[in-house]
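Participant: Here is what each chain is made of, one letter per residue.
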Amino acid sequence: MVPPVQVSPLIKLGRYSALVLGMAYGAKRYSYLKPRAEEERRAAAEEKQRQEERKRIERELAEARDDSILK
Amino acid sequence: MAQFICNLAKKALALMNAAVTYSKPPLATFWHYARVELIPPAPAEIPTAIQRLKKIVKSAPTGSFKQLTVKEALLNGLVSTEVWMCFYFSEIIGKHGIIGYV
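Keeping their order, the protein sequence lines are chains A and B. First residue of the first sequence: 1, per full-length UniProt numbering; consecutive thereafter. First residue of the second sequence: 1, per full-length UniProt numbering; consecutive thereafter.
So here's chain A without its partners, still in its complex pose (with noise of 0.2 Å):
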């Protein structure tokens, strides 16, 4: 088996250094991105469903108007 190599401690310590860093960037910007996404969610589906009702209208109306005696 190779022996195993005797790394630079540089290298230890970028290594180990970014993993810290990492965690905490992405912890933080999770958290600040977390209520922005519910926002957007919420407004979308709000939307969403306002677009819907506006729909139905549509065809309820579409189809008052087909509807008459002459069919």
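The set of hints was computed from the structure by calculation and includes no laboratory data. Take these hints with a grain of salt, some might be off.
Stated by the list, open to error - Computed, partial: chain B to chain A, Cβ under 7 Å:
1) E45
2) L53
3) L68
4) S90
5) I93
6) G94
Said to hold, decoys possible - Listed next, with one range per pair, are the computed distances between beta-carbon atoms:
7) A:P3 <-> B:A2: 51 to 57 Å
8) B:I98 <-> A:P3: 31 to 37 Å
9) B:N76 <-> A:A27: 29 to 35 Å
10) A:I57 <-> B:M1: 58 to 64 Å
11) A:A27 <-> B:T48: 27 to 33 Å
Stated by the list, open to error - Chain A is nowhere near these chain B residues, computed Cβ spacing over 12 Å in every case:
12) Q3
13) C6
14) L15
15) L27
16) K58
Note that CB positions come from ideal geometry on N, CA and C, so glycine has one too.
Following the hints, position chain B against chain A.
Facilitator: Relative to the frame of chain A, chain B by itself:
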């Protein structure tokens, strides 16, 4: 019914034992290498690391980085890429998701 569960438990135990015995040698080699290569830097090594970093930073204004061979420069590039990938790896862990944030 009770015998079925008993048999099932025995088989599952035998399977787990087999899995453990099967994975012991690879784990041993992994541990053999990881114990030297993957440990965090000891507090005594940190000043050496900072010295080397200073040397690298000082090589920029003096222009001694031009003395590096292309092979050395490529190796340095690969090592820095690997260290930077550690950042992305831990960012994945921090944001609780693999692709994208929320």
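Participant: Could you work out which of the previously given hints the structure breaks and list their numbers from low to high?
Facilitator: 3
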